[in-house]
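Student: Under UniProt numbering, the residue at position 355 of the sequence shown is numbered 355, and the numbers go up by one with no gaps.
Note that these hints are calculated values from the structure, not bench results. As the structure is a prediction and not an experimental result, all values here were calculated from the model. Hints may contain errors.
Pairwise CB distance ranges, derived in the manner of DEER restraints [as the list claims (entries may be wrong)]: (1) Glu174 / Gly127: 16 to 24 Å; (2) Arg282 / Asp404: 56 to 64 Å; (3) Glu458 / Arg215: 27 to 35 Å; (4) Ala321 / Gly248: 51 to 59 Å; (5) Ala36 / Ala211: 45 to 53 Å; (6) Arg215 / Ala253: 14 to 22 Å; (7) Gly317 / Gly248: 41 to 49 Å; (8) Ile293 / Glu43: 28 to 36 Å; (9) Ala36 / Gln109: 47 to 55 Å; (10) Gly317 / Val40: 17 to 25 Å.
Listed next, the in silico EDC-like pairs over lysine to aspartate or glutamate satisfying Cα-Cα at most 16 Å (straight line) [stated by the list, open to error]: (11) Lys518 / Glu394; (12) Lys518 / Glu458; (13) Lys518 / Glu467; (14) Lys518 / Asp404; (15) Lys407 / Glu446.
Glycine included, C-beta positions come from ideal geometry on N, C-alpha and C.
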Amino acid sequence: MAHTTGGWRVGWLDRVGDQVDALTHARALQEASRSAESYVLLERVIRTTTDPAARADALVQRLSALINLGRTAEFTRAIEEASAAVRDLAEPYLHGHLNALAALAAHHQGALDRCVTHLVRAARALGAVEDPDRDTAWGWHDLAMAYSYLSFHGYALGAIERARQLGLTAGIPEETFAAPGIRLRNAVALDHNGDSDGCLRVLRDVAADLARFVRTGRASQLRPSSLAAYGYAAARQAALGDQVEADGDAEPARLISHGGDSARARDMRQLGQVCLAVAAGRPIEAVTRLDTIHVSTETLGAAEPARLRSIALARAGDHSAAHRADRLAFRLAAQRNDRLRDVYIDGIAARIDHEEMRREAARFEGEALTDPLTGLPNRRRLERYITAVVTRGERVVIGVCDLDGFKAVNTRHGHHSGDLVLQRIAGVINRVMRRGDFVARYGGDEFVVVLPDTGMSEAAEVARRIEAAVRLEDWESLVPGTPVGVSIGFAEVSGGSGLRDALSVAFEQADREMLRAKSRPRAS
């Protein structure tokens, strides 16, 4: 939750009239994982300043420092004081960043309903910033962290990409927002739910990112908390049986020693030593370590210690005990998922009384009908929509859009880059659609568009607009050397007695047209 400033212009602090140097230094200390020192400095500013903006900034930063230090008992008072200071300042960034931090604090306190409320408010406020600067980038970074801890991995990836793009514009190096912890939490969540292959795939992508930073000489610029996350990812990969080749500064044991006074880094250090003991063939030592350490259930999920115990016991040959530990890990993960669902479905709408924010909260309530990576409607919601339109007797055309070159993106750049391409494609298609058109992610790299009250000639024009927009997108900056295109096929849903049959025929016809388009030579 830290900020850096360096020699770059900082938009928000330009409007602060007192103790700017102290506030800038406090940001730099948190960036270096020296939050305890930052806290002392911020307390001094809070006591001595008479400038409302300086006081508000210091109080928001102090909350960030407390979260980094894991001082949970002080969160509530810190949030109340920061909220009172920010309330009268017409600065969307400050409101957005405070709510992102408050969401993190509420999550660590186990107050999931409050956490979601703050998430909604943070996204709304940060999205309203008219002239985003480096501080806004950090606000999006902290919102991404909150999404990630709450297991909204798709939203987290989208928010961290927003932070990265804003950061690059403001002169913040790419590696500052590497955020390996987001993908690390995604990986272990997959493993807790029984998908160890998926977990390893994500961990290998994380390792590839670190290797790229090492190869280009930028590893020394990574934040200490990022180094700790890279270290745990490598240790976890080794514990699952992967051969991890790293030495020098990239050796997992050395990486997990980073993180300064961060409570989450301390947790990963302890769990990372368990993983390394398993990887080194010392499973009994790993079990003994698990019996003696205490880590927050929020850092990597309540299921992580149980899952590590299962892996260690299996290596020790005690398969019965390993199975029991594995079932416990699965139950803990399932309990968390059930609790999240209950919060969103039963609680959050009643707690947000502003109509616009209630509509925003519906995004969380409707996750069962929404693709978490792109935010688009999913296949289930698509089928409901088409059925409703056709049942009303409206003329409708459906289009199947399949990406060209997507396999090469995953092969060359990894699945994280593939996720970013899918998110961007979703935005590109949405951008060129007409009012009233419907876009969904059907699965994999396939998207479906629905054009109500439309004929095939109009559909052809929509196809040309989508193809042109995808062709003109700057894919080279996102996935160098792997161009991305799209093939589209449309078909009209014909009325008749059998609605299900009519939809099936239309989808098959659109799919054939898409394959025909894919086989045609493209202009270079």
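Student: Now tell me, hint by hint, if it's right for this structure.
Tutor: Results of checking the hints against the structure:
Range check, Glu174 to Gly127: about 23 Å between beta-carbon atoms, so the 16 to 24 Å window is met. For Arg282 paired with Asp404, a C-beta distance near 49 Å fails the hint of 56 to 64 Å. Range check, Glu458 to Arg215: about 49 Å between beta-carbon atoms, so the 27 to 35 Å window is missed. For Ala321 paired with Gly248, a C-beta distance near 37 Å fails the hint of 51 to 59 Å.
Separation of Ala36 from Ala211 is about 32 Å and departs from the stated range, judged on CB atoms against 45 to 53 Å. At roughly 21 Å, the beta carbons of Arg215 and Ala253 sit within the given window of 14 to 22 Å. Taking 41 to 49 Å as the suggested C-beta distance range, the pair Gly317 and Gly248 does not conform, at roughly 34 Å. Range check, Ile293 to Glu43: Cβ separation about 31 Å, and the 28 to 36 Å hint holds.
In this structure, Ala36 and Gln109 break the distance hint of 47 to 55 Å, their C-beta atoms being roughly 21 Å apart. Between Gly317 and Val40 the beta carbons are some 51 Å apart, a value that contradicts the proposed interval 17 to 25 Å. A threshold of 16 Å between alpha carbons decides the hint, and for Lys518 with Glu394 the separation of about 30 Å lies outside it, so the pair is violated. Taking the CA atoms of Lys518 and Glu458, the gap is about 20 Å. The hint is violated against a cut of 16 Å.
Of the pairs offered as hints, the one joining Lys518 and Glu467 holds, with about 12 Å between alpha carbons and a cut-off of 16 Å not exceeded. For the proposed pair Lys518 and Asp404, the alpha carbon gap of about 8 Å is at most 16 Å, so the pair holds. A C-alpha spacing of about 12 Å is found between Lys407 and Glu446, which places the hinted pair at or below 16 Å, so the restraint holds.
Violated hints for the displayed structure, listed by number in ascending order: 2, 3, 4, 5, 7, 9, 10, 11 and 12.
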